[in-house]
Amino acid sequence: MKAEERFEVKNPMEGFLRMDRIPHIWCPGCGIGVVVTSFADALRKSKMDLDKVCVVSGIGCTGRVAGYIKLDSFHSTHGRAIPFATGLKMGNPELKVVVFSGDGDIVGIGGNHFIHAARRNMDILVICVNNFNYAMTGGQVAATTPVMANASTAPYGNFEYPFNLPYLAEASGATYVARWTALHLRRVTMSIQEAMAKRGFSFIEVITPCVTLYARRNRLGDGLNLMKYYYEKSEIQHGADTRTLDISYQGKLIVGKFVDKEKPNFLDCMNVHLGKVLGEKYKPYGVKP
Amino acid sequence: MKKVKADPKGVLAGAHYLDGDFALAEGALAAGCRFFAGYPITPSTETAERFSERIPFVGGVFIQMEDELASMAALIGASWAGKKAMSVTSGPGFSLMMENIGLACMMETPLVIANVQRGGPSTGLPTLTGQQDMMQVRWGSHGDYEIIALSPDSPQECFNLTIDAFNLSETYRVPTFVMTDECVGHMNEKVVIPPAEEIELVERKWYEGPKDKYLPYKPDKDLVPFMIKAGDGYRFHTTGLTHDERGYPVINAECQNVCVSHLVDKIKKNADKIIRYEEDEIDGAEIVVVSYGITSRVTTRAVMQARKAGIKVGTLRLIVVWPFPEKRIKELAKKIKAFVVPEINYGQIVYEVERCAFGQAPAIHVPHCGGWVHNPDDIFKAIKEAAR
Chain A
1170 MKAEERFEVK
1180 NPMEGFLRMD
1190 RIPHIWCPGC
1200 GIGVVVTSFA
1210 DALRKSKMDL
1220 DKVCVVSGIG
1230 CTGRVAGYIK
1240 LDSFHSTHGR
1250 AIPFATGLKM
1260 GNPELKVVVF
1270 SGDGDIVGIG
1280 GNHFIHAARR
1290 NMDILVICVN
1300 NFNYAMTGGQ
1310 VAATTPVMAN
1320 ASTAPYGNFE
1330 YPFNLPYLAE
1340 ASGATYVARW
1350 TALHLRRVTM
1360 SIQEAMAKRG
1370 FSFIEVITPC
1380 VTLYARRNRL
1390 GDGLNLMKYY
1400 YEKSEIQHGA
1410 DTRTLDISYQ
1420 GKLIVGKFVD
1430 KEKPNFLDCM
1440 NVHLGKVLGE
1450 KYKPYGVKP
Chain B
-7 MKKVKADPKG
3 VLAGAHYLDG
13 DFALAEGALA
23 AGCRFFAGYP
33 ITPSTETAER
43 FSERIPFVGG
53 VFIQMEDELA
63 SMAALIGASW
73 AGKKAMSVTS
83 GPGFSLMMEN
93 IGLACMMETP
103 LVIANVQRGG
113 PSTGLPTLTG
123 QQDMMQVRWG
133 SHGDYEIIAL
143 SPDSPQECFN
153 LTIDAFNLSE
163 TYRVPTFVMT
173 DECVGHMNEK
183 VVIPPAEEIE
193 LVERKWYEGP
203 KDKYLPYKPD
213 KDLVPFMIKA
223 GDGYRFHTTG
233 LTHDERGYPV
243 INAECQNVCV
253 SHLVDKIKKN
263 ADKIIRYEED
273 EIDGAEIVVV
283 SYGITSRVTT
293 RAVMQARKAG
303 IKVGTLRLIV
313 VWPFPEKRIK
323 ELAKKIKAFV
333 VPEINYGQIV
343 YEVERCAFGQ
353 APAIHVPHCG
363 GWVHNPDDIF
373 KAIKEAAR
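Top line first, the protein sequences correspond to chains A and B.
First residue of the first sequence: 1170, per our numbering; consecutive thereafter.
First residue of the second sequence: -7, per our numbering; consecutive thereafter.
Each statement offered as a hint is correct.
The list that follows gives simulated cross-link-like pairs (lysine to aspartate or glutamate, EDC-like), each with its CA atoms no further than 20 Å apart:
1. 203(B) / 1220(A)
2. 1216(A) / 1183(A)
3. 319(B) / 278(B)
4. 1221(A) / 200(B)
5. 203(B) / 1218(A)
6. 221(B) / 1220(A)
Quick caveat, the hints were computed from the structure, so don't treat them as lab data.
Between the sequences and the hints, there should be enough to build the whole structure, so can you do that?
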């Protein structure tokens, strides 16, 4: 063994990342990398056939995740990661499809696709990195910005009601719903592992610091200050009523796993229903004989 | 290109009495399309209905999406999963599809969209005909790119050209369009569906080399890159951003130049192989009527009248509208007195004829705002004027 090899320190996530694309574009103090690390860790622990795992992202800071993960990965259009994933999953039901994108992408421009994929119980996992603003374009107000928070297009503070994402996901039909912050690294990993094993629409919201825009504009300090906020104000309440999960400006953050139930997914429903109505003439789709 | 025979499961061989919309669905099934995502919109809905009725017995997926934005995104996903995918729509839905049509072009994804055109703009004439999306199909999504568009003039051609559209789409890794209209879509005629062994399909250009050497956007000799599908262990990346041969984003003018000129060149440089038109009595003609779709059938009567009146009229019917037969129009322009271009819009393809004629012969437009086909007399009148 050569001397330089002996002392070479490798990133333990190297096998899951496109190292030829590193360094990434995210700012110092950004929380997206933390979620990516958790995701890679969950993949490592899951022992799934990674050839069958696909990542689909939309547009935005988190939209860049697809470009760094070493799986079949698709960087699609703004808001359309979920329907893209629907096509991918239905095109080949053997695939495990993960949508990894931001709040603006998934519940802003892509909100309609989000509720419909949940309604159908499409078998995909949606990881939504929520940094409370549109960061890629410079910190504009989002559907998740807390009331009173300042944003570049809400220069006098936001006065619109934000979405409560776990409530929206549950009401729309999701079978797995969790919320964590970038502080809860191991719990995010565990949640991703659990959700990857589900056979329905799963949703994990991860609240992350946007230091460059959201925090700076609101004078909330740096990444460490935001981690302190998560530490002081987050409270784990598994099974909490999702109606109670609104987030106020620098207020309490209820986190945990809120929904974990079983119900037939889109493909199950299609196969069972058509099998019942059409009898033997119908050959179930996407099921290995 | 590897050629294969159609899968008999999807081929409803025999002689049928079908409308154009149904024929589109049968063409798709015969071509091996096993994924359809769509949103209801008049006058195209019957295609989705037919597909949803037939697909359980053929083996595949029909999914009614929440809108056309989603339908298009789902098609791209399904195509990368290895399926032949199709959607059908009309004007307002077509506008919504433009976003992801651009993505499909950028990701070089084979898929087929049929547009059963109706009168616009906006909601316009939901139940009545138009040919007003002929430029939108060419230019509708932002940026520079090329697509292929065909225009059937009968239910039989709706069937035939949908198969051709899939073959072209797979050959060139490009979204391909069947631009029909309400009249053809709702017209019932005899449609003969040949047995599966007589339907020749083009297989996707699958990559077969070593996995670690695969580059999803490295052009082959014919300029079309090889394709793979998700789940096969390539761990590839694809993006709507300007990208290099690896599919990795590169945001600079040099890469943009390579990436975009590739998207354009792979169609432009293969245009002679793609272009198709039908000519009649073109030798010695003074006037050539250029038309497509339903308007070419209306033209037939006007041309008969003109010939009876002693005018030497030839016809050129565009079967493939995009890429446009630039060379042929240029050639004809040198020999003839004028082109007459009837179309159910306020001037779209006529500008292309005019451009390609390079001032050698005028292109006289016979406009129609939509809602009904031309009165053949108006076309006849234009031919007479042109011949004078």
